[in-house]
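Next come the chains, spelled out residue by residue.
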Amino acid sequence: MSALSDRLDAINDGEGRAALVCYLPVGFPDVDTSIRAMVAMVEAGADIVEIGPPYSDPVLDGPVIQLAVARALEGGVRLADTFAAVRAVREAGAEPVVMSYFNPMLQHGLDRFAADMVAAGGSGVITPDLTPDAGEDWVAAARAADLDTVFLVAPSTTTERMHMTCAASRGFVYATPLMGVTGERAQVGDAAERVVREAREAGAPKVCVGVGVSTREHAAEIGRYADGVIVGTALVRILAEAATPDEGIAALRERVSQLAAGVREARA
Amino acid sequence: MTESLQQAPGPFFGAFGGRFVPEALMAALDELTDAYDKARVDPAFGQELDRLARDYTGRPSIITEVPRFARHAGGATVYLKREDLNHTGSHKINNVLGQALLTKRIGKTRVIAETGAGQHGVATATAAALMDLECVIYMGEEDTERQALNVARMRLLGAEVIPVKTGTRTLRDAINEAFRDWVTNVETTNYVFGTAAGPHPFPAMVRDLQRVISVEAREQMLALGGLPDAVLACVGGGSNAIGSFDAFLDDDSVRLIGCEAAGDGVDTGRHAATLTGGRSGVLHGSRSYILQDDEGQTMPSHSISAGLDYPGVGPQHAYLAEIGRAEYWPVTDAEAMEAFRLLSRTEGILPAIESSHALAGALTLGRELGPDATLLVTLSGRGDKDVEQAARWFDMLPEDGE
Chain Y
1 MSALSDRLDA INDGEGRAAL VCYLPVGFPD VDTSIRAMVA MVEAGADIVE IGPPYSDPVL
61 DGPVIQLAVA RALEGGVRLA DTFAAVRAVR EAGAEPVVMS YFNPMLQHGL DRFAADMVAA
121 GGSGVITPDL TPDAGEDWVA AARAADLDTV FLVAPSTTTE RMHMTCAASR GFVYATPLMG
181 VTGERAQVGD AAERVVREAR EAGAPKVCVG VGVSTREHAA EIGRYADGVI VGTALVRILA
241 EAATPDEGIA ALRERVSQLA AGVREARA
Chain Z
1 MTESLQQAPG PFFGAFGGRF VPEALMAALD ELTDAYDKAR VDPAFGQELD RLARDYTGRP
61 SIITEVPRFA RHAGGATVYL KREDLNHTGS HKINNVLGQA LLTKRIGKTR VIAETGAGQH
121 GVATATAAAL MDLECVIYMG EEDTERQALN VARMRLLGAE VIPVKTGTRT LRDAINEAFR
181 DWVTNVETTN YVFGTAAGPH PFPAMVRDLQ RVISVEAREQ MLALGGLPDA VLACVGGGSN
241 AIGSFDAFLD DDSVRLIGCE AAGDGVDTGR HAATLTGGRS GVLHGSRSYI LQDDEGQTMP
301 SHSISAGLDY PGVGPQHAYL AEIGRAEYWP VTDAEAMEAF RLLSRTEGIL PAIESSHALA
361 GALTLGRELG PDATLLVTLS GRGDKDVEQA ARWFDMLPED GE
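Chains as they are written, first to last, in our numbering: chain Y, 1 to 268; chain Z, 1 to 402.
Hints are supplied without guarantee of correctness; some may be wrong.
Claimed, not checked - Now the stretches of chain Z that chain Y is said to cover, found in silico as 3 or more residues with beta-carbon under 8 Å:
(1) 173 to 180
(2) 295 to 309
What the hints assert, rightly or not - Here are a few chain Y residues that sit away from chain Z, every Cβ distance over 12 Å (derived from the structure):
(3) S2
(4) P29
(5) D30
(6) D32
(7) D61
(8) R87
(9) A234
(10) R237
What the hints assert, rightly or not - Facing chain Y, according to a computed beta carbon distance under 8 Å, are these residues of chain Z, among others:
(11) A24
(12) G167
(13) V186
(14) Q292
(15) V387
Since the hints were derived computationally from the structure, they do not count as laboratory data. Beta carbons: idealized from backbone N, C-alpha and C, even for Gly.
Using the sequences and the hints given, assemble the complete structure.
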């Protein structure tokens with residue numbers, strides 16, 4: 001078991017609803033605002049915060065997140081800021097998970113990355129460009145530190161890979177219902193439900209769905225069958241379009257409340 | 001008895017290589033690997049590739065002795081392997097024809113590719129036109145400006161060229177964008193990767209498809225009397241270099257020298273000499289050397305040559321450097337342009353600026369070894385695309401006088 005799956009159990013079984021997972025990159029528009037925004041999301045109903053250390057070559061991200069992380073890097077964001085964000089989210093009462101591309105982890109040192117995560121109060125790490133078959137070293141480092149490893153599955157994932165990925169995942173399995181990069185979509189589509197079912201059949205105890213989710217209606221729809229609903233781009237866009245940081249945080253609070261209502265009406 | 005280094009299958013070359021990509025691409029990479037493993041042992045595939053090489057590309061490419069140029073290289077004997085004479089003007093066509101044939105075999109109808117200088121984009125657009133494939137080329141916006149004529153060439157061949165405006169707006173960003181397209185459209189689309197880097201199977205597959213350079217050159221040199229003392233080729237991602245090295249890997253007497261783009265000089269920080277100035281990490285799907293800061297953020301690279309302006313390098317080069325089988329030399333913009341000028345004036349051959357880095361390496365090595373040495377330099381591309389840039393460098397354009 002893990003802190004993450006305990007929390008998901010408490011929400012899924014205790015409250016009878018899907019968890020709300022909210023992503024923001026660290027350092028956008030600046031470090032202070034991004035951490036305040038993460039805390040605001042927790043106060044507005046986020047159960048898990050997915051914290052994104054910026055990376056120079058985010059191949060799985062669409063234009064909104066690309067632009068935000070580029071701005072963050074120009075602003076001089078460092079990995080230490082990610083661990084500060086983890087601490088703040090933990091103190092605010094949500095589960096902090098980090099979603100990181102692999103090279104920054106590798107350069108920090110995998111054992112050291114896991115240890116620093118645990119020291120900051122982090123629950124787990126999502127690795128968008130690292131699969132379990134390429135990440136044996138990382139899985140070993142995370143296990144030794146008792147840190148969760150969250151891997152992604154896609155509609156193109158074969159049955160064999162689904163089993164391998166679910167076996168190496170701890171905390172939850174991250175299902176991407178659409179082929180493509182991060183970004184909002186008008187509809188999330190039927191593939192989502194299929195991927196979640198296949199992941200469960202392959203032994204995943206918890207499956208959260210991300211990529212394409214932006215509205216209360218999406219959250220309600222996905223919350224019917226998934227253990228968690230992951231929202232990213234829509235939240236980053238709110239910060240990007242705000243005239244001031246405070247306006248952005250206020251608008252973010254409003255959207256997260258809506259999404260929190262969405263996951264609560266899913267199984268009502 | 002040491003094991004042969006030739007045609008190493010991957011996915012790993014020592015500690016380098018592998019496959020570090022989003023799960024969404026794994027099925028496509030497995031499919032491609034499987035299709036390639038079958039194709040490479042299928043005589044029909046080999047025969048079709050040989051036919052295209054002969055009747056379309058114009059292979060085998062000749063080797064040319066360049067004695068007037070060689071006078072500046074310590075009087076050594078210098079031969080050029082003339083990949084510049086291939087259809088489309090560079091070695092890139094060797095790789096692209098193979099990958100386009102493979103695309104047909106796996107039943108996909110659309111190809112995408114990244115391009116830096118535009119040579120790989122032009123080659124891919126060419127193969128797509130020949131084989132009736134829809135074709136989209138991603139090219140950094142800065143490179144579309146540096147290489148405007150190649151953009152027009154690709155469009156004339158029927159390809160769509162998408163300028164990439166993110167990041168450093170060069171090759172590296174074009175690769176990111178091509179990966180994003182592939183993740184989204186993988187069902188219909190094959191990614192025709194241009195260099196011997198990226199996730200498995202690309203480093204081994206591209207090497208195999210470029211290996212024809214060294215297979216031919218080795219025979220040609222033996223027919224002339226013996227193996228060369230050294231083989232030199234330029235290295236960006238490293239496809240022409242690995243293709244130039246492979247058949248010589250087990251010839252211990254042959255030095256293999258990759259010439260990296262040192263831009264303004266490695267110590268200035270404005271360069272693209274990854275093996276000289278970088279360190280081990282993961283970028284674009286494989287573990288290799290990269291130019292990166294202390295936290296693993298990729299650093300911007302710099303080179304006068306768009307085709308070498310890349311902060312990564314193919315994993316097999318990282319391995320060959322580590323075991324000491326190949327050497328990697330930094331060559332500055334100024335040294336490359338001096339070699340460009342020399343070859344043009346002494347031999348009547350305009351080299352690509354990329355290839356000029358290898359020529360500059362030959363000038364240095366020849367002066368070191370003297371008249372008894374025989375050097376083989378891969379002239380990976382022709383300089384037609386670089387005329388404007390070279391003319392500006394040498395103050396030969398009318399407005400430069402103002």
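Closest CB-CB distance from Y:R87 to chain Z, is it above 12 Å?
holds (19 Å)
Can we confirm that no CB of chain Z comes within 12 Å of the CB of Y:D61?
Its Cβ does come within 12 Å of chain Z, the nearest being 8 Å, so this is violated.
Non-interface claim for Y:R237, where every Cβ of chain Z lies beyond 12 Å:
holds (17 Å)
Confirm or reject: Y:S2 is not an interface residue toward chain Z, with every Cβ-Cβ distance exceeding 12 Å.
holds (21 Å)
Interface restraint verdict for Z:A24 against chain Y (beta-carbon cut-off 8 Å):
Holds, because the Cβ-Cβ distance from Z:A24 to chain Y comes to roughly 4 Å (cut-off 8 Å).
Against chain Y, with CB atoms and a cut of 8 Å, does the hint on Z:G167 hold up?
holds (7 Å)
Compute the least Cβ-Cβ separation between Y:D32 and chain Z, then decide whether it is above 12 Å.
holds (20 Å)
Less than 8 Å between beta-carbons is the criterion; does Z:V186 satisfy it with respect to chain Y?
holds (6 Å)
Going by Cβ atoms, does Y:P29 stay more than 12 Å from chain Z at every point?
holds (18 Å)
Distance rule for Y:A234, whose beta carbon must clear each one in chain Z by more than 12 Å:
Non-interface label stands for Y:A234: nearest chain Z Cβ at 19 Å, farther than 12 Å.
Was Y:D30 rightly flagged as not at the interface, with every chain Z Cβ beyond 12 Å?
Its Cβ never comes within 12 Å of chain Z, the nearest being 18 Å, so this holds.
Count the residues of the region 173 to 180 of chain Z whose Cβ falls closer than 8 Å to any Cβ of chain Y, and tell me whether that reaches three.
holds (count 3)
Against the hints set out earlier in the document, violations occur for numbers 7 and 15.
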